[in-house]
Amino acid sequence: MTTALTHRSATAVPPRTGALRRVGQLRQSSPGRLQLIRAALVTLAVLTGLIAGLTAASATAGTSDLRDRAQPLLVEAETIYSALADADTTAAQAFLAGGLEPVRLTERYEADLARATTSLASAARLTPEGSAASRAVEALATGTTRYAALVATARAVNRQGLPVGASYLATASQLNRETLQPEAKALFQLARKEVDSGYSAARSSWWLMLLLTVFVLLTIMLIWSQLYLSRTTNRTFNVPLVAATGLAALLMLTSGFVFSGQRDMLSTADQDGSAPVAALAESRILLLRERADEALTLAARAGNGPHEKDFQATREQLTFDDESLDGFEWNLREIREQHQVYLDLHEKVRELDDGGDYDGAVKLAVGEGATTAFENVLDSVDNLLDDRKHTFDEHIREAGSGLGTLTWLGPLLALAIGVLAVFGLRARLEEYR
Amino acid sequence: MRIRPALAVIALLAVAGCTAETPAPVEAPAATPASTAPAAAPDTSCKPRASLRPTGTLPAPGRMPAGSHMATIVNNGRLVLGTSQDTLLFSSRNPFTGKVEGFDVDMGRQIAQAIFGDPEKLQIRVVPRAERTAWVRDGKVDLVISTMTANCARWKEVDFSTTYFVTGQKVLVGTGSTAKSIEDLGGEKVCAAVGSTSLDNIAKVRTKPIPVGKASFGECLVAFQQNEVAAISTDDTILAGLAAQDPYAEVVGPRFTEEPYGMAISKEHPEFTRFVNAVLENNRRNGTWAATYDKWLGTAPQPPAAQYR
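Chains as they are written, first to last, in the working numbering: chain D, -17 to 415; chain Y, 259 to 567.
Keep in mind that the hints were calculated from the coordinates and are not lab data.
Don't be surprised by glycine CBs; every beta carbon is placed ideally from N, CA and C.
Treat the hints with caution; some may be incorrect.
[Said to hold, decoys possible] No farther apart than 25 Å at their CA atoms in a straight line, the calculated lysine-lysine pairs in the DSS-like style are these:
no., chain 1, residue 1, chain 2, residue 2
1, Y, K438, D, K291
2, Y, K357, D, K330
3, Y, K438, Y, K462
[Stated by the list, open to error] Away from chain D, derived, C-beta distances all over 10 Å, residues of chain Y:
no., residue
4, G476
5, L479
6, Q503
7, Y551
8, L555
9, P562
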């Protein structure tokens, strides 16, 4: 073989040797040509079966990775991010309230921390070891432990009436806002990217293109061989080959149906599920940021400072008009109205504080009215968010159906095509014996 | 290497001087590096304790001379005091009531009393230590009373009242520490608030402790309790407030600096500085100063004598 190959490349017009020469010689005789046709049909049928099976398997794997890993990771990342933001807001408000922190706020903080740590544990399971996402989860887990310890110290010291409690809280808040939240945001963005690549893995576009190519080649080969046979023999139809063509058409139709159905469900899951979930999750975090800014401005007691600037910048970003939310105009209008109610109260808080009535500003900010107004917006966003998460679950489940069947049906049908091709050509070959 | 920061300080001071007449809030952060950079040499170009002499007798509360800054304050309906909220005994937030209280706050209440006849007409704004002079210059507060040392570098940016308190820098260490003074802390991390003279002074110590700046002295205590720094060094009165919150901390060594506290007031309102000095003068004489000292810091010594230019 080696000598044959080097020889071939060394000479311009190669005298064919060995296997190659024998295959070449097959073209010269009629039975040889039939043998070639048979080999080509069987090869293409086997390839088609293999690729149909692999495409279905890849799409199944992609879809279940998206359903069981990427999208849940996005949801966990959102939970971690918003739980941390909410914990910061709550701690700052508890500080503002003065005295022993109100039970309502303590419970809320505890719930936030529990949510964050639970989500961190599940996120750790959902990220492959050594990946950027897994490193972010590790850093967050370490940081959250430190954060919880600082807040616990702040509360213990606060109970003794020592002013250093406020400094512990400031240190904790700084850790939360300057380290943990950016890390959680990075994890959230990584998860978004994984969802995007999850969709392209589930679509398996390269596999599908390959499948289409072998389908076309198989069909051409089937039709061409039948034309060749009817031209060189007396029979117009070769029944097994006609049957093989029918099976190929059936396989093509089934695959087409299953894959287009899957793609349809995927794009619905993306457009009506993942995209609005991501957009709403971001809005939710921005809302929490506003509330924390308000509390931190008052806690710093320095008047209109950097946190209020951040509030205004955050407010600019909070428009609730992401294009993925088209079609939810009714919900969005309600959310915008509720947000405006809260913003108006915030303006009053600022007016009071800037006008010198600090105590009045604190009272208004942590009081029933502002708390209810803020929680109304948050609840409306949460409702829409849950609704969209549900839509995603529904469609992703349907996207997976049918793929499993194709994984075994594809190779089986292709095998039948191959067998029929062998049968169809055996009768013709026997005529030369 | 030492010349460059010094030149930067001079340049910044020059900028600050030029813009002093038209306060621009955007200039505020520029003052931060100026006050935090270690000064190459002590500035002895002035007498930091000498302030503006009061003129005549105090006007009756609520009847401030027209055109004066005190009249503006009366119009505003409140005196805006810049201070801190975590300097125990001087100005700290009472965790039970949420009110900021202490010796410095009471000094402010006495000024409000003199202007309005009502000590409650006081709005407290917490000023980041590094921005105290900038806030006064930009008119964000009427005056700053916040354990603030009157020194020549700061006199270039703001005016100070006469000295209302004198203290000096010591060092706070853990009860198990062998250090007996700041000199024994060479190579160790020593914390002070960013923008305080204490931070500059740590850098000047011969044995070269490593200065670590935090936003406030409260956050220094957090760093100390979290073993991030070995010690905290600042005025012994502030350290006493910190040590009172931690039984495992003690204040050691002699005072290695002298810090005369003054109230910072904008250079645009010399009449207000004179007014404040007159109030201080009265309170030294009538025992109010001593009573305030007794209330927060224990048995009062003789009040620091006023010096004028």
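Structure versus earlier hints, numbers of those that do not hold, lowest first = Hints 1, 4, 5, 6 contradicted; others consistent.
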